[in-house]
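If you're matching them up, the sequences are chains L and R in order. Position 405 of the first sequence, counted from 1, bears residue number 405 in my numbering, the numbering being contiguous throughout. Position 186 of the second sequence, counted from 1, bears residue number 186 in my numbering, the numbering being contiguous throughout.
Honestly, the hints are just simulated from the structure, not real lab data. There's no promise every hint is true.
Said to hold, decoys possible - Pairs of lysine-lysine, DSSO-like flavour, derived with a Cα cap of 27 Å: (1) K195(L) to K326(R); (2) K326(R) to K185(L); (3) K327(L) to K83(R); (4) K327(L) to K422(R); (5) K314(L) to K126(L).
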Amino acid sequence: MATEFTSSSSSPTDRRLSALVRHLATSSPMMESQTTVTFSPTSGFHGDSVFSHVVRAPEDPILGVTVAYNKDPSPVKLNLGVGAYRTEEGKPLVLNVVRKAEQMLVNDRSRVKEYLPIVGLADFNKLSAKLIFGADSPAIRENRVTTVQCLSGTGSLRVGAEFLARHYHQRIIYIPQPTWGNHPKIFTLAGLSVKTYRYYDPVTRGLNFQGLLEDLSSAPSGSIVLLHACAHNPTGVDPTLQQWEQIRRLMRSKALLPFFDSAYQGFASGSLDADAQSVRMFFADGGECFVAQSYAKNMGLYGERVGALSVVCKTADVASRVESQLKLVIRPMFSNPPIHGASIVAAILKDRNLYNEWTVELKAMADRIISMRHKLFDALRARGTPGDWSHIIKQIGMFTFTGLNSEQVAFMTKEYHIYMTSDGRISMAGLSSKTVPHLADAIHATVTRIS
Amino acid sequence: MASSVLSLASATPSASLSSHEINKGKLNLGNAGLLFNKEKTNPFIKTKSCVRISMVVASNVSRFEGITMAPPDPILGVSEAFKADNHELKLNLGVGAYRTEELQPYVLNVVKKYLPIEGLAAFNKVTAELLFGADNPVIKQQRVATVQGLSGTGSLRLAAALIERYFSGAKVLISSPTWGNHKNIFNDARVPWSEYRYYDPKTVGLDFEGMIADIKAAPEGSFILLHGCAHNPTGIDPTSEQWGIIADVIQEKNHIPFFDIAYQGFASGSLDADAASVRMFVARGMEVIAAQSYSKNLGLYAERIGAINVVCSSPDAAARVKSQLKRIARPMYSNPPVHGARIVASVVGDPAIFKEWNAEMEMMAGRIKNVRQKLFDSLSSKDKSGKDWSFVLKQIGMFSFTGLNKAQCDNMTNKWHVYMTKDGRISLAGLSLAKCEYLADAIIDSYHNVS
Numbered sequence: 001m002a003t004e005f006t007s008s009s010s011s012p013t014d015r016r017l018s019a020l021v022r023h024l025a026t027s028s029p030m031m032e033s034q035t036t037v038t039f040s041p042t043s044g045f046h047g048d049s050v051f052s053h054v055v056r057a058p059e060d061p062i063l064g065v066t067v068a069y070n071k072d073p074s075p076v077k078l079n080l081g082v083g084a085y086r087t088e089e090g091k092p093l094v095l096n097v098v099r100k101a102e103q104m105l106v107n108d109r110s111r112v113k114e115y116l117p118i119v120g121l122a123d124f125n126k127l128s129a130k131l132i133f134g135a136d137s138p139a140i141r142e143n144r145v146t147t148v149q150c151l152s153g154t155g156s157l158r159v160g161a162e163f164l165a166r167h168y169h170q171r172i173i174y175i176p177q178p179t180w181g182n183h184p185k186i187f188t189l190a191g192l193s194v195k196t197y198r199y200y201d202p203v204t205r206g207l208n209f210q211g212l213l214e215d216l217s218s219a220p221s222g223s224i225v226l227l228h229a230c231a232h233n234p235t236g237v238d239p240t241l242q243q244w245e246q247i248r249r250l251m252r253s254k255a256l257l258p259f260f261d262s263a264y265q266g267f268a269s270g271s272l273d274a275d276a277q278s279v280r281m282f283f284a285d286g287g288e289c290f291v292a293q294s295y296a297k298n299m300g301l302y303g304e305r306v307g308a309l310s311v312v313c314k315t316a317d318v319a320s321r322v323e324s325q326l327k328l329v330i331r332p333m334f335s336n337p338p339i340h341g342a343s344i345v346a347a348i349l350k351d352r353n354l355y356n357e358w359t360v361e362l363k364a365m366a367d368r369i370i371s372m373r374h375k376l377f378d379a380l381r382a383r384g385t386p387g388d389w390s391h392i393i394k395q396i397g398m399f400t401f402t403g404l405n406s407e408q409v410a411f412m413t414k415e416y417h418i419y420m421t422s423d424g425r426i427s428m429a430g431l432s433s434k435t436v437p438h439l440a441d442a443i444h445a446t447v448t449r450i451s
Numbered sequence: 001m002a003s004s005v006l007s008l009a010s011a012t013p014s015a016s017l018s019s020h021e022i023n024k025g026k027l028n029l030g031n032a033g034l035l036f037n038k039e040k041t042n043p044f045i046k047t048k049s050c051v052r053i054s055m056v057v058a059s060n061v062s063r064f065e066g067i068t069m070a071p072p073d074p075i076l077g078v079s080e081a082f083k084a085d086n087h088e089l090k091l092n093l094g095v096g097a098y099r100t101e102e103l104q105p106y107v108l109n110v111v112k113k114y115l116p117i118e119g120l121a122a123f124n125k126v127t128a129e130l131l132f133g134a135d136n137p138v139i140k141q142q143r144v145a146t147v148q149g150l151s152g153t154g155s156l157r158l159a160a161a162l163i164e165r166y167f168s169g170a171k172v173l174i175s176s177p178t179w180g181n182h183k184n185i186f187n188d189a190r191v192p193w194s195e196y197r198y199y200d201p202k203t204v205g206l207d208f209e210g211m212i213a214d215i216k217a218a219p220e221g222s223f224i225l226l227h228g229c230a231h232n233p234t235g236i237d238p239t240s241e242q243w244g245i246i247a248d249v250i251q252e253k254n255h256i257p258f259f260d261i262a263y264q265g266f267a268s269g270s271l272d273a274d275a276a277s278v279r280m281f282v283a284r285g286m287e288v289i290a291a292q293s294y295s296k297n298l299g300l301y302a303e304r305i306g307a308i309n310v311v312c313s314s315p316d317a318a319a320r321v322k323s324q325l326k327r328i329a330r331p332m333y334s335n336p337p338v339h340g341a342r343i344v345a346s347v348v349g350d351p352a353i354f355k356e357w358n359a360e361m362e363m364m365a366g367r368i369k370n371v372r373q374k375l376f377d378s379l380s381s382k383d384k385s386g387k388d389w390s391f392v393l394k395q396i397g398m399f400s401f402t403g404l405n406k407a408q409c410d411n412m413t414n415k416w417h418v419y420m421t422k423d424g425r426i427s428l429a430g431l432s433l434a435k436c437e438y439l440a441d442a443i444i445d446s447y448h449n450v451s
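So that you can see chain R by itself, here it is in the shape it has in the complex (with noise of 0.2 Å):
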């Protein structure tokens, strides 16, 4: 038996397994080799020749026995286990969707009551208008490659592709921390990526000569990966003075910015001071690239709407751009989803509905700015440490960075049902100004309970 069975390793499909798989491929064998006896007996299978047993242990065992579970998604697994959970208190701080303060999902208004536009020019003209703004000379000139993107993955994804395939061995520059995802987008885009740093845990705020440093240090030609406004994980953004040095910086070293704006007018209720930092780039002629998610600020999470943006410093350069950008999408998806698109065209393009989205916007930040201020006093007035929650109010947007580390994470969700990601991120969007003081409880505990 022992030497059939070994022949029925050769026999199996693989030209050339890897040691796991054929590991894995001897694990099976046992249990094929048990199911060879159960079919001595089996009438049907008649014959003891090599060919025909080989065939039968093919067909049982899959091609993808070898294939390992793959961990859960670090931001999206943590809902997950949100839902699993049935204690009356938990509270879901872990992805970034908004919600009202009775914690359920928002439709805005403006979105209910579109009506379709044709085209998806008609969306790229207009992200790219809001994105720079409607005046600014690089569109006039024509200076924009503008593609439509998955929303801000997608969008990331392309850009991605494109330094990969135009600038072979150049790097992007992440700040540490940063979203989850943009490693990976850049891993399976096969772009070499290092961090710069970025979080100070001991002020919980910004380490700008850490971040000037290591983007100096890059090599020349970099791309440096910029939070346009409201940092995730964070929520710490620079200073205007700051952004115009990190502009030099990048100048000097023939870098090239590469935003991710996923919260234009979500941050500060303002479209156009959201987009400060990246106007400031272009208005001192810097070529640009700058991917933009609807996600957020329309509500659109699962439309998947968002831009890959371009700007070059000739409309020839753009153009061509442009048509490489559309070449890169065509074998991952052909050509995006046109139903968002439709309606960021008829928001954006309307004066009236327009209008209505940024005091939506604005209610949206607000409502954000008052769950901070809760969470603040709450934690100041409940806290007798003396410890310095102020950063609580000093970030912005969606996220804050609590300096929780990932022992007291764990003390949140299993002592007070509390989901956040590990990173000690809590999405305020998810708070609600009566859950405050139990969020307010949940942290002073776990700060100076658990080590």
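Next comes chain L alone, as it looks inside the complex (with noise of 0.2 Å):
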């Protein structure tokens, strides 16, 4: 009863002691035991956390890697472990295209900031999955195809998962070995059971593709397999076309269930039509699929956090029902998606003028990064370094897997100033032509003493 508690009378310290006493009229054994009382946690006395208990996560190893060079003060230090896109200047991108659609919906004074739809916009979602499956197909035209808007490319991996771990009958998920640090927390904490398929042989710095294939053999019938649709992250490793025509032979003869993660579109080879080959091979034969589109890279969008979530099914009916289900895991996650993003790529992909720009400004950074990968090659043969670094321009996108292990990362670490992660991957993004010498030095230095 409340009567108790009537305290209009009281101070809160009055209540304090009140509460104290209380505690100490209270004979239990443990306070028998003890010399001293101790306060309940949340009584506002020098007592424990309710939070003791929570231990420090580690720190992530990514996200480390620039702490640590942020520490540093050597003015030779080099960045090479964020997977963001920089200029030749070493500077952040915002891309031309993406300024002038942030000024056109600033300027809209008709635009209002009222709640998105749980699935997001619209247009940004249909104009995603026309990027993505390309522009006439008639899964899209006959409804099969259902896409939400998610928080870029780990949102709509989450979403995704989610929905899987919820209603489809086979739990466990193919990832490759390796990948993105991310992925195997996305789809654990979604719920799913999570395996590896061997993928990157590191005697060649190559696809193991019998090794792919034996792998994805032997899953259970309808497991799921995460395929990174181009610019593998983080070998940079990506089969070819003729390879990819064998693994979805296999997999659609196991049914096991393509999920794509799709965050590099246009931004590998500098084609959006290229870099979807994969994700449209599969999408052509008429089988399901899922796929995780990010816009982080290929609009310079990273901070706003864009991207979808395409479910390809086999009937209208099933897609609108997969939809729905899929409302039911965004609701309580965050109930609706960020508009700016998505209103700021909606409004490229509608206007042709904004869209040919975009695609010129893509493929500006691509033949950057292309052309850094042959800078360091070039450097690297011209230094004798040994070993064969023809792996630098054989693979493709944001990454190198250079083949160094951690010991020879540390020692370019400590000695020349390269951050990077210690298995060996380099963002060839965060490299310019004044840079690549040193980077060239730092290789040939390590590889030389260390091995």
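Using the hints, build the complex out of the two chains.
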């Protein structure tokens, strides 16, 4: 009853004291065995926090690289950990089309900030599906594709995985070895169990295709398989088109469900269509698949968290029901997605001039990265650095798996102030013509001194 | 034919179909059986071998065939129904989004003028200061873990995940009634919850004795979800004295207070007054969780900007808790969208703009108070039954619990084209002075003529 606590006449101090008295008056085994009184954790006295048992989480390994880089006073330091595009001058890049689109949005007085629907901005969703699947596809015309706006690639993967954990009969997902560090956590927390399939061959620094086929062949029927659509992260090693076709046939024959992570469309080769080939191959055979898209890199919208999850279904009816269930995943996670980034993307994709301008800027980014690859390769050759470095120009996308081991990496960091992840991955986007020689020196030194 | 159909059942991909799914499969096999007949005449389908047939069947049936259509969201679904209604007098009192007298969405002037600010750290700093007061000792002592979240929903979800991970088995107590998405959030985060009495339909007010009794009866160390101000959906807030007693009981039982603050500044028009409940608890030295949203008070609904704050008894605990909150966010969406954070940081961080914001908020809260008054006046003058409508004036914030039951709410919609949620909640933000009389007629009719 509330009357016991009618304390309108007593001060907070009085109430605390009476709480204390009640503690002292209670006899309990715990009390008797102690010589001092312990106060309730939330009483505000100098007791332990209720969060005392919460341990400090480890620093994110990739973020940790940037933290260490920032602390380094050396004028020649180089940050090759970050998976974010940098210009030749080492600066982040806001695309011109993005600035134009943002300006258009700000100037549009009719725009409001009302909640988007749970599935996000309709235009954005349609245009995203078109971008990845191709302009004129039967599946889209037949309404067999449901697309929902999510928080960039991570968010799209998470929503898709949560849906699968609830509604799909097979809760195992196969991810390539290695893969982006966040993948296993996303799937595990969503309720899937994670297994790996062989992918990278450290001997060839290329694809272990045999291993890949064997592992997918022995996967239980119906398993989910995570595929990097292009520009595999962290290796930069992609299957050829012929290899993709073999993968597709194998997966369809075993009813394995493809879940594409498309984070670099247009950014890898410079061509939006070329980079979508693997996805479109699976899309064209009439089967079902999941695709997570991110606009972080190809539109430079990293911080705005723009992405989309598409689920390609057999029938329009299934697609509609799937969409309704996706909404049930989204609503208790974040209710509805953020409007800003998606509006920018939609504005660019639907305007022919902006779209064309975008493809030009995209190609420029991809070309710069490809040219860094060639410069680095040439520089190592010029120094006579031992080993075969052709993988630098064979790999594609933002990252190169150098093949350096963690000891070699540590040496490069200590002696040459090169910051990269300990798996030997470097972000080519963080290189410039000016800094390539320094990196080449570092690689040369580490390879000749440490094995 | 029957036997080959049965063998098809065992050849379908799943190892462990639920009986529902098996039934669905059977239905589909019926269809596939027909398909098989058709394809007998198709020269391209050559063989009758079981394996080939099972592949055809597997590829024609969606893996998601068994998925049922989810019900529409009870709150967001109201707006959809409203959109579909063509009646000229229709009124949307469903979703809680602020509208002007002209019933248009409102973009705050301060938001239009914003200048981008670097860094999310700026946002985290200003959001904590806004809630707790810039001079609050807990901030000076660095005892607050603040992490940007996806508005209120996302921030609640992060906290729920923290509870699930570090307070295994602990329960969250939510008010009866509460915002519809609360239970979804805790369900999806796998945190058990139960209700404490809150709304008293007899008085259309607070069942304070019931509330206190239920909080007392909860197992020690439970999390008590409290609406900081402007309770959703009832609009009924405890008095300051009642808040003190609630704090007493929570301390007594070593519970942890968990505030949901979605209307700071929007309820009374004063940011400080609306934060009084949270600040009271913090001033007592209690450890407190507080989720913030800027959807309503800055009109940033679609930008998804909010924060989760955990006030700990030591800076070390705060640092550890913060690291774990970030660790939860990363496999969900990696990092939050920057746009809304920049706006908030600019508005709150600039004294002139902040002052302007205060004025706009007073204006918004003022409009709602005026509407309450007009509605009350209309109801009192039109209704001759002597029923006490004063709860309209006593309740606070965007919403009002009318006390109408579901049948009466249906009458509101079907006869009067007034859209509201089935629990009897109306959003005053969606009401104009011009429409008060019409609404009064509708309420009086529904209350008296429908049971």
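Practice item. Would you check the hint for K195(L) and K326(R), treating anything up to 27 Å between C-alpha atoms as holding? Key: holds, 25 Å
Review point. Holds or violated: K327(L) with K83(R), Cα cutoff 27 Å?
Key: holds, 19 Å
Check your understanding: Taking 27 Å as the top limit, are the C-alpha atoms of K314(L) and K126(L) close enough?
Key -> Measuring from Cα to Cα gives roughly 18 Å; hence the hint holds.
**Study point:** Pair hint K327(L) and K422(R), alpha-carbon separation not exceeding 27 Å
**Key:** Roughly 20 Å separates the two Cα atoms, so the pair holds.
Review point. Taking only the CA atoms, is the gap from K326(R) to K185(L) under or equal to 27 Å?
Key: holds, 13 Å
This entry satisfies every hint, going by the numbered hints stated previously.
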